[in-house]
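**Q** Residue numbers (the working numbering), protein chains in the order written: chain S, 1 to 299; chain U, 1001 to 1323.
These are computed hints drawn from the structure, not numbers from a lab. Worth double-checking, as some hints may not be accurate.
To be verified - Keeping only pairs whose Cα atoms sit at most 30 Å apart, straight-line, the calculated DSS-like set for lysine-lysine is: (1) K1104/U <-> K102/S; (2) K1104/U <-> K292/S; (3) K188/S <-> K1010/U; (4) K188/S <-> K1104/U; (5) K1276/U <-> K102/S; (6) K102/S <-> K1102/U; (7) K292/S <-> K1102/U; (8) K1102/U <-> K188/S.
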Amino acid sequence: MNVFLASAGHEMLSVRRARISHLLLAVFVGMVSVSSIIGWITNATVTSVYEQILAAGLTTAPNPFTSVPALYYARNAVIYVVLIGSLMAIVLGVQATIRDRKAGTTSLILSRPVGTIARLAGQLAGLGAVIAAVLAVSMAISWAAISIIVGEALGPDPTIRLIGFVGCAWTLLMVFASVGMLAGIFSKRESTALLVPFVVWSGLAFVLPQLGTAARPVALLNPVPITVATGGYFDLVAAITAPLAITEQFKRAASILLQDVNVPGSPIGSIAILIAFLLVAVTVVVFVPRQKLRGALND
Amino acid sequence: MTDLFTVAGKELLDLRRDRLFVILISFLAVVIFISVAVGAADFRSQLEAYNRYVADLTASGTGVAPAAPQLFPLQLLRGGIEYLEIIGALFAIVLGYGTIAKEKHRGTLQLFLTRPVNRFAFAGGKVAGLSLVWLVVVVILTAVSIGAVVTIGGGTVTATDLARVAITAGFVWFYLVFWTALAVGLTSLSGRLSSALIVALVIWLAFVLVIPQIGDTMDPDNQVPGGLFAALQIQKTDELAVLAQFAGFDGIRNGLEVSSITKHFERLSFALLGIKDAYNQQPIPVVLAAMLPYAITLTAATIASVIFATAATTRRTLQRTQS
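So here's chain S without its partners, still in its complex pose (with noise of 0.2 Å):
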């Protein structure tokens, strides 16, 4: 067996084992799972509401949540990601690198005619592999939990969106198991190691997004799109600012697939900046010098 595919059977096997990933993958599992009878029983609940206001005569415009799309009920689904998956996403990467540090067998893997670029482009495809199943599996229920609200079984278009919200899905949680590995590759703790991309991801998640739009960090984790400030400096920072956002680009192609009629316009540009992001963070891993993964880890 060659080393690209030994490492990435290595790492799947080594997340299967660990048991604190199980706890990670299915907290993102379960609240993939649920979100769709979160937006199921909020839309009900607001339709009630929309309903007495118009019995009372205190509005004359239209429900706004009239023939809402099928796919409107997972999108919670996305905040989901961007929080849960990141960050377990995050430690599958850190525990990825720094598992053979700690246990000492970096030196021994690099003593035999190993090269460092299929080691770690196996591994990353290892966790790609995690990754995805996991998606498949939320996402999986995600569809059953929506056909049995809806009452049929959703149709051919819904469900190539969603399988393009996995796609996004998974491209963003690959740069944040990159950016996890990479850690654990240079970090000389193994806290630091996990606090660094934790640090790194509220960055791109609260601070960038801010910068540009004046959006408060707890506002970013509603699926609803916030009132963006616009004028001179906002314009500014945010041309700056948006392409780098990764997880607002997330948040914006994954609204339009799932059809938010509130996020208008194509997705192509936040997928291909996710994809820039990704090639980015995948380059810098399988390029790391072999010297630096023979690092000694402090504790």
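Keeping the supplied structure of chain S fixed, place chain U upon it in accordance with the hints.
**A** Below, chain U alone, put in the same frame as chain S:
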């Protein structure tokens, strides 16, 4: 008691030398400063839009100008409070984890436990030392916040405002000590250090991000951009009357939110700083009276967390097999 002070003193010395700690606190200070700057820029942008609107009205000679947007300086701290809720709690967990992990890794724990020290000296000293560190950090962050509001925010801070900020800072300190003590207890209980950190992070994820997020997305007013009731042009009194008929749903939603300590901290600090409109410019005693349940729960949770850390950090738990 001397043992406890010795441990606390050593903790302070360690953290003073820890570059990572300095970087984390600097990061927190920078994001708080940025959030005030962005909030001030947003207000100026609104004011410019208002002035343009009034100028257009005056030129056309029609309509009555609406009230101008008013700057309440402490409302600029909203983003900073939210960063403390999320990132501050994360850093508090890492600090609490690190204080036990480093002793286990360096082997200094075994040496310490060979000494005839008091049962609570180690845990008490660790928690006391970290609490003192957080007190200093909160004082620094408070100074940064007020400085940002006055300089880049262009606000005027009165003595009453300073009192509001000082009381809020006290609850910020409680909140951070809560997370640090929780992490100390979890790390002591766990034989495998990385598991302790990941479990603490999952708890953080659930109680700081996920549970409040579920409550927030279930709020009927958060279903369309700008708010459902604003979109339907419903007055506040009518909104309350309609929502009163959905008390069961709102009870579940609110129940979810208040199961998170973060939401208690948020409601309390938003009321004290006047970020929540209903409490803006209200006298401090009125706000404190209204927020008393949240103040009690936050304080009780912090005390419980400290007791948990102290009780969980025993010779037996500390000497469990380590990774």
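**Q** Could you run down the list of hints and mark each one as holding or not?
**A** Cross-check of the supplied hints:
With a C-alpha separation of about 15 Å, the suggested pairing of K1104/U with K102/S holds against the 30 Å cut-off. Simply put, K1104/U and K292/S have alpha-carbon atoms about 26 Å apart, close enough for the 30 Å limit, and the pair holds. Simply put, K188/S and K1010/U have alpha-carbon atoms about 22 Å apart, close enough for the 30 Å limit, and the pair holds. Distance restraint check for K188/S and K1104/U: the Cα-Cα separation of roughly 16 Å lies within the 30 Å cut-off, and the hinted pair is therefore satisfied.
As the CA atoms of K1276/U and K102/S are separated by approximately 48 Å, the hinted pair breaks the 30 Å bound. Distance check on the hinted pair: K102/S and K1102/U sit about 15 Å apart at the alpha-carbon level, within 30 Å; holds. For the suggested pair K292/S and K1102/U, the alpha carbons sit about 24 Å apart, so the restraint of at most 30 Å is met. Among the hinted pairs, K1102/U with K188/S is consistent with the structure: their alpha-carbon atoms are about 13 Å apart, no more than 30 Å.
The structure shown violates just one earlier hint, number 5.
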